[in-house]
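**Q** Here are the chains, one letter per residue:
Protein chains: 2
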Amino acid sequence: MKLLEERIRKDGRVKEGNVLKVDSFLNHQMDMELFEEMAKQWKADFADCPINKILTIEASGIAIAAIVGRVFNAPVLFAKKSRSVNIDGSVYCVEVESFTHKNTSKVIVSKKFIGPEDYVLIVDDFMANGCACAGLIQICETAGATVEGVGIAIEKGFQPGGDALRAKGYRVDSLAIVDSMDPETGEIVFRS
Amino acid sequence: MKLLEERIRKDGRVKEGNVLKVDSFLNHQMDMELFEEMAKQWKADFADCPINKILTIEASGIAIAAIVGRVFNAPVLFAKKSRSVNIDGSVYCVEVESFTHKNTSKVIVSKKFIGPEDYVLIVDDFMANGCACAGLIQICETAGATVEGVGIAIEKGFQPGGDALRAKGYRVDSLAIVDSMDPETGEIVFRS
Chain F
1 MKLLEERIRK DGRVKEGNVL KVDSFLNHQM DMELFEEMAK QWKADFADCP
51 INKILTIEAS GIAIAAIVGR VFNAPVLFAK KSRSVNIDGS VYCVEVESFT
101 HKNTSKVIVS KKFIGPEDYV LIVDDFMANG CACAGLIQIC ETAGATVEGV
151 GIAIEKGFQP GGDALRAKGY RVDSLAIVDS MDPETGEIVF RS
Chain H
1 MKLLEERIRK DGRVKEGNVL KVDSFLNHQM DMELFEEMAK QWKADFADCP
51 INKILTIEAS GIAIAAIVGR VFNAPVLFAK KSRSVNIDGS VYCVEVESFT
101 HKNTSKVIVS KKFIGPEDYV LIVDDFMANG CACAGLIQIC ETAGATVEGV
151 GIAIEKGFQP GGDALRAKGY RVDSLAIVDS MDPETGEIVF RS
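Protein chains in written order, with this note's numbering: chain F, 1 to 192; chain H, 1 to 192.
Same shape as in the complex, but just chain F (with noise of 0.2 Å):
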């Protein structure tokens, strides 16, 4: 998607250790604008699917999955990332390792929300090596739920989740695919 590629060389930062900062406007402080953009994307990439219910992960990915629930006009499910005392009951629950905060975590989701009913966009702000998203992709089909697809805004394409994923048959879209960066010069070369 050419207006987040531009955005990206515009505002982003590459850092040492494969990161790209770019919260500035996808995952701190957030474009709207550029969300709705982006969810539109999906809602044109995905229009063959009968996509009723987005799951996304806390934190960085709520906000992208809200705009995307409201242009798909489905409710948004988040997985969140420990029991709070205000969830009882039966929760789907996966282990997440997160790239970002070099931890792992469990990730919970209520089982009355997700079942063989619906049928599933995953979203997120980043994928890298795609554990966050191999744990949804887990919980979906532990509920009996139909995977309709993976809508990552940005992947790095040198880390293997997106590919990995594909391989299996999961319908990745990625708005970016960084497939290298360099923290020396900033430079950002994006698949084609």
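If you are wondering where the hints come from, they were derived from the structure by calculation, not from laboratory data.
Careful: at least some of the hints might be erroneous.
[As the list claims (entries may be wrong)] Heads up, simulated DMTMM-like pairs for lysine to aspartate or glutamate below, C-alpha to C-alpha not over 20 Å straight-line:
1) Lys21/H x Asp31/H
2) Lys15/H x Asp179/H
3) Lys112/H x Asp45/F
4) Lys10/F x Glu141/F
5) Lys43/F x Asp179/H
6) Lys111/F x Asp31/H
7) Lys102/F x Glu184/H
8) Lys43/F x Asp173/F
9) Lys112/F x Asp31/H
10) Lys2/F x Glu58/F
With chain F fixed as given, assemble chain H onto it according to the hints.
**A** For chain H alone, coordinates are given in the frame of chain F:
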């Protein structure tokens, strides 16, 4: 706001320990059409304010803030609950106590995204003791930003947060204020 009160009566559940579960539409699974109506209400209520930034705190506030940002045509900023490797440089940091999670966490906002040029609407799903909100106000004021108001979906009117902020002169616009609720009968009394 009638629509929200009706939804709380229909789908909310009163639990022991002053817990109001609204996870089917507000803070786990989320109804974006409802959020849009909430955002429009705040837009009307704050029509006289030069709001140019929406501030919330992860995680439950983010989806509401996203839709509010869309309706106000303003960027959304969310305070993060811990220092991630993706945030470097200078941040504002406050300690916030969570009623829901019964713990205290540090929340941070990058200094570069808030300053004297910002007229801020703070948004969150719940207000109980108001600690999260007080923390966000403290960040705004330290940054020299103007707090135009606070938009809360559900205020627990029997807990002191909302009225304490009003007493200090802040404009707190809660769309539903629960003055009492009974876990035995499920009865919920809203402030009129």
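**Q** Hints first: check each against the structure and report whether it holds.
**A** Hints and how they fare:
| no. | hint | verdict |
| --- | --- | --- |
| 1 | Lys21/H x Asp31/H | holds, 15 Å |
| 2 | Lys15/H x Asp179/H | holds, 15 Å |
| 3 | Lys112/H x Asp45/F | violated, 35 Å |
| 4 | Lys10/F x Glu141/F | violated, 39 Å |
| 5 | Lys43/F x Asp179/H | violated, 42 Å |
| 6 | Lys111/F x Asp31/H | holds, 17 Å |
| 7 | Lys102/F x Glu184/H | violated, 44 Å |
| 8 | Lys43/F x Asp173/F | holds, 11 Å |
| 9 | Lys112/F x Asp31/H | holds, 15 Å |
| 10 | Lys2/F x Glu58/F | violated, 27 Å |
The structure does not agree with the numbered hints 3, 4, 5, 7, 10 stated previously, though it agrees with the rest.
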